[in-house]
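S.K.: Required output: the full structure, derived from the provided sequences and hints.
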Amino acid sequence: MYTVMIVEDEMLVRIGLKNSVDWNKFNMKVIADLPDGQSAWETYMQDKPDLIITDIRMPRMDGMELIARIREEDKQTRIVVLSCLEEFDLARRAMSLGVSGYILKLTMTEEEIESVLSGIQHEWNEQQLATSERTSGSLLPANLELIKEKFLKDFLLYGIYSSEEWERFVVQSEMQLSPVRIVACTIEVDNYSRLKQKFKDEHGHLIKMTLLNILNEITSSVKRGEGFYVDETHYLLLLSFEDVLSEQAIRQQIAHILQRVQEVIRTYFSSSVSVGISQMGNAYKSLPGLYHESCQVLSHKFWTGTGLHHIRGEQIDLLPIENQLEQIRQYAPVRELLSPLRQERYEDYIRILRSHLQDDRKSIQHLLFQFIQWVSTSLYDHHQNEKTLLFNITDQLEQCDTLPEMLDQVMEYLSEVVEYSRNLLYMSNEIARALQYIKQNYAQNISLQQVADHVNLSFGYLSNLFKKELQITFIDYLNRYRIERAKELLIGTNLKSYDIAVQVGFSPEYTYFSKVFKKVTGLNPNEYRRQWLSSAGTGGGAGANQSL
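Numbered per our numbering, the sequence shown finishes at 572, counting up by one with no gaps.
Note that these hints are calculated values from the structure, not bench results.
On a predicted model such as this, the values are computed, not experimentally measured, just so you know.
Note that beta-carbon positions come from the ideal geometry of N, C-alpha and C, so glycine has one too.
Warning: the hint list may mix true and false statements.
[Claimed, not checked] Restricting the straight-line Cα-Cα distance to at most 27 Å, the calculated cross-link-like pairs of lysine-lysine (DSS-like) are:
1) K386 to K542
2) K543 to K222
3) K309 to K174
4) K386 to K539
5) K543 to K491
6) K53 to K539
7) K542 to K224
8) K172 to K220
9) K49 to K222
10) K220 to K539
11) K491 to K539
12) K309 to K247
13) K72 to K49
14) K49 to K491
[Stated by the list, open to error] Cβ-Cβ distance ranges computed for the label pairs, FRET-style:
15) K222 to Q62: 44 to 54 Å
16) E89 to S471: 41 to 51 Å
17) E147 to Q196: 39 to 49 Å
18) G313 to T234: 27 to 37 Å
19) K309 to R336: 13 to 23 Å
20) Q495 to V268: 56 to 66 Å
M.R.: Structure, rendered in structure tokens:
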């Protein structure tokens, strides 16, 4: 297991980073967390950790001096810099000293941290493979797939290798690939998160190995092309047709190969893949452009649906999506629950969504999050209906592959909210008193036991009541209520997001606050504030409901 040392003078940041990451996932273990560079240097000389995550500005010895000293000792220790935005120039200088990456402290998310750690883990794996290769004296190590993946990414994505070096590697590794009439097909696994859950494949290893085997068997059977792993949802199929002169024949062969891929994946996984197909190129130097084109046309999947093949120049039919939006616009059960003024705002949201249908996925997703949040807020009645606060479909929306799927989820959400709003399910006096206690004390470090004592119930009985009557755990309800209050502060004040975290009861874990906030709203706190300010400035979006 690789050892990690965290060096950061801000205690909350240091503790938050140490406790918010699943280090075992990356085969890492934190052996020390220190408040200054001098202590870190002394610990480094004694323990020689494999990875050091360090702040730049610190007492006794700053991060730049610490990094320089470490690099005088060895070049192998991986270093990641923690920095603020205003320290970016220093972070760039640190990169010149052999730093593997940097993380912005105030906006760091769990995903960003894990991305950096995953990259470092990959570096270590490659280093081990290279060492194994030198030890065995073999030009082509046993685990050739990892070497091919590494070389392809370095050539295709990062420009580390030239096309001539790539060509030598192709010949050396005996690939079934030629630079003549070459086509890039980027393959995306549809509904990947559901596939992992279905096969209980938490890290996707089974899916990865199976898909690579499928691609290799099919390319071997047709004696052309190579399959590569890009990331957990994407694979690259490179096909060359040096012996085929007719473009029509080439297109037919590509369709046949991809159809075979679809059939086998349907058999193995009862699932599908979507594919972006580039035009043809006639040199290895054209591969980066062909790959970029295949990714670009693959993005059409977001509008057209899963399991399809996409090529440049195809027309995207938005009519089915517009019809879905029209059904949402006309959904009478929701409109009946809204005041006339809010019905107008409801119409405004649909118009905004319709006018942005050709935007990128992230922009459309943010608009949908804002719409859902507005509906929830508009139907939420502090005196009667606690239920609408409990609905959360952000996870479901993020797992959707396509816009039609997202709109189906929105429609389902609206139906459920209406049902709860109309029926106003029975709420016991004990739960009503518990919720009132939460509203009055949410900013404090309250526990389920404290609430149980307040309403004169046992811990276990009140826990069961929450699940029975609200279909949610106590801590989930408390977190979501705190997030509602945090949103008000983000919109109505100029407080820093980490100060807001403290005010609504999340102290001292800002990272945890950010994680919960994103789970509930689909955005991190700073993104939520920027989105609201942007929409308020243009008269639309989430900010508009404040005047209703």
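S.K.: Evaluate each hint against the coordinates.
M.R.: Against the structure, the hints:
1. This hinted pair checks out: K386 and K542 have alpha carbons roughly 14 Å apart, not beyond 27 Å.
2. Distance check on the hinted pair: K543 and K222 sit about 22 Å apart at the alpha-carbon level, within 27 Å; holds.
3. For the suggested pair K309 and K174, the alpha carbons sit about 18 Å apart, so the restraint of at most 27 Å is met.
4. Simply put, K386 and K539 have alpha-carbon atoms about 18 Å apart, close enough for the 27 Å limit, and the pair holds.
5. For a cut-off of 27 Å, the pair hint linking K543 to K491 stands: about 20 Å separates their Cα positions.
6. Of the pairs offered as hints, the one joining K53 and K539 holds, with about 22 Å between alpha carbons and a cut-off of 27 Å not exceeded.
7. Taking the CA atoms of K542 and K224, the gap is about 25 Å. The hint holds against a cut of 27 Å.
8. The straight-line distance between the Cα atoms of K172 and K220 is roughly 25 Å, inside the 27 Å bound, and the hint therefore holds.
9. Between K49 and K222 the CA atoms are separated by roughly 21 Å; this keeps the pair inside 27 Å, and the hint holds.
10. A C-alpha spacing of about 22 Å is found between K220 and K539, which places the hinted pair at or below 27 Å, so the restraint holds.
11. About 23 Å separates the Cα atoms of K491 and K539, which keeps this hinted pair within 27 Å; it holds.
12. For the proposed pair K309 and K247, the alpha carbon gap of about 23 Å is at most 27 Å, so the pair holds.
13. About 21 Å separates the Cα atoms of K72 and K49, which keeps this hinted pair within 27 Å; it holds.
14. The straight-line distance between the Cα atoms of K49 and K491 is roughly 31 Å, outside the 27 Å bound, and the hint therefore fails.
15. The beta-carbon spacing between K222 and Q62, approximately 52 Å, falls within the hinted interval of 44 to 54 Å.
16. Taking the beta carbon of each, E89 and S471 are about 44 Å apart, inside 41 to 51 Å as hinted.
17. Distance hint for E147 and Q196: a CB-CB separation of about 22 Å, inconsistent with the stated range 39 to 49 Å.
18. A hinted range of 27 to 37 Å holds for the C-beta pair G313 and T234, which are about 30 Å apart.
19. Our hint of 13 to 23 Å for K309 and R336 holds, since their Cβ atoms are close to 19 Å apart.
20. The given range of 56 to 66 Å is respected by Q495 and V268, whose C-beta atoms sit roughly 59 Å from each other.
Hints 14, 17 from the list above are not met by this structure, while the remaining hints are.
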